[in-house]
Amino acid sequence: MIPLSWYMALAIILFCIGVCGFLTRRNVIVMFLSIELMLNGVNLNLVALSHFLDSMRGQAFTFFIITVAAAEAAIGLGIAIALYRSRRSVHVDTINLLKG
Amino acid sequence: MFLQLFFAYCALMIVASGLLAISLRNPVHCVLMVLVLFFHMAGLYLTLNAEFLAAVQIIVYAGAILVLYLFVLFLVSLREELHLNGFVPNAWLGRIIAAGLAVLLLAIIPAFILGEKGEWTVEAVRQVTHTKALGQELFTTYLLPFEIAGLILLVALIGGLVLARRDQAGSGDGVDPEPATIGKEVSQ
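These protein sequence lines are chains R and S, in that order.
All residue numbers for the first sequence refer to this note's numbering, where the first residue is -3 and numbers rise by one.
All residue numbers for the second sequence refer to this note's numbering, where the first residue is 100 and numbers rise by one.
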């Protein structure tokens, strides 16, 4: 039997890899991928806890998180395409129109 | 023993492919590394008796969301993205923040105490099968959130269509069905 703390440690490491990628990369698409990594870390935590707590609640939440991740990817990548069409670049530093 | 070895293999592959995914220069390689990561994630879900979620992980995440990423990567130019700078002033600052967060959270784990147990023990789930148990929970306790999730997917579908639509010289409402890849992916 695998102890719960192993799963939680792995989830934390995965989440922090996502944070690191989000902070260090500037390509919008890789930043979205980093968000997916963070969401997966949270998913792993929820599923592990739902298994160890004999409950279905965590898995139901994981279901909704996957839905939201799909919606976020669709909207975010749609914005990336729209930005690329108008600016010909997907770097965050060149997108500063709202900065004033 | 076999279970521990399987967990160790999956954990190793997840950490390695995750690190590669955020450090490789070519975004297509990043997406492929995340694909490897998702497959091992599904393996971990199997060790947690969550077969349905393992299947959903592969079908939805690896099959739909990552294909969507690849579509967009091929739509935008690759050559311009090879030169990158850090999001925070210094890339090392971001790494230190992430490492500090990891150390902080890992230090908190031993203080964690499991809460009250629910009624879905492994035997109870095995009796009605996992998919049925999850479906019962989703369609009774979480019926309203389920409907809202469907609405969110509809919003994402319409939003993706509108955002990715090519502007036909100021002409109006969604007559151009060509850039519809995003909507199709979501509806899967």
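It is worth saying that the hints were derived from the structure and are not from the lab.
None of the values given here were measured: they were computed from a predicted structure.
Some hints could be false.
Computed list of lysine to aspartate or glutamate pairs in DMTMM-like fashion (alpha-carbon distance at most 25 Å, straight line) [as the list claims (entries may be wrong)]:
#	chain 1	residue 1	chain 2	residue 2
1	S	K231	S	E246
2	S	K231	S	E150
3	S	K216	S	E236
4	S	K216	S	E150
5	S	K216	R	D50
6	S	K216	R	E68
Derived coverage of chain R by chain S (criterion: at least 3 residues anywhere in the stretch with Cβ under 8 Å from a Cβ of chain S; other residues may be distant) [said to hold, decoys possible]:
#	segment
7	9 to 16
8	19 to 26
9	29 to 42
10	51 to 57
11	60 to 66
12	72 to 79
Where is the CB? At the ideal position from N, CA and C, for every residue including glycine.
Quick rundown of the hints versus the structure:
1. S:K231 x S:E246: This hinted pair holds, its Cα atoms lying about 18 Å apart.
2. S:K231 x S:E150: holds, 11 Å
3. S:K216 x S:E236: holds, 16 Å
4. S:K216 x S:E150: holds, 21 Å
5. S:K216 x R:D50: With Cα atoms ~6 Å apart, K216 (chain S) and D50 (chain R) stay inside 25 Å; holds.
6. S:K216 x R:E68: Outside the cut-off at roughly 33 Å; violated.
7. 9 to 16: With 8 residues closer than 8 Å to chain S, the segment 9 to 16 of chain R meets the three-residue bar; holds.
8. 19 to 26: Since 7 is at least three, the answer is holds.
9. 29 to 42: This one holds; 7 residues, not fewer than the three required, reach chain S with a Cβ under 8 Å.
10. 51 to 57: With 5 residues closer than 8 Å to chain S, the segment 51 to 57 of chain R meets the three-residue bar; holds.
11. 60 to 66: holds (count 6)
12. 72 to 79: holds (count 6)
In this structure, only the earlier hint numbered 6 is contradicted, and the remaining ones agree with it.
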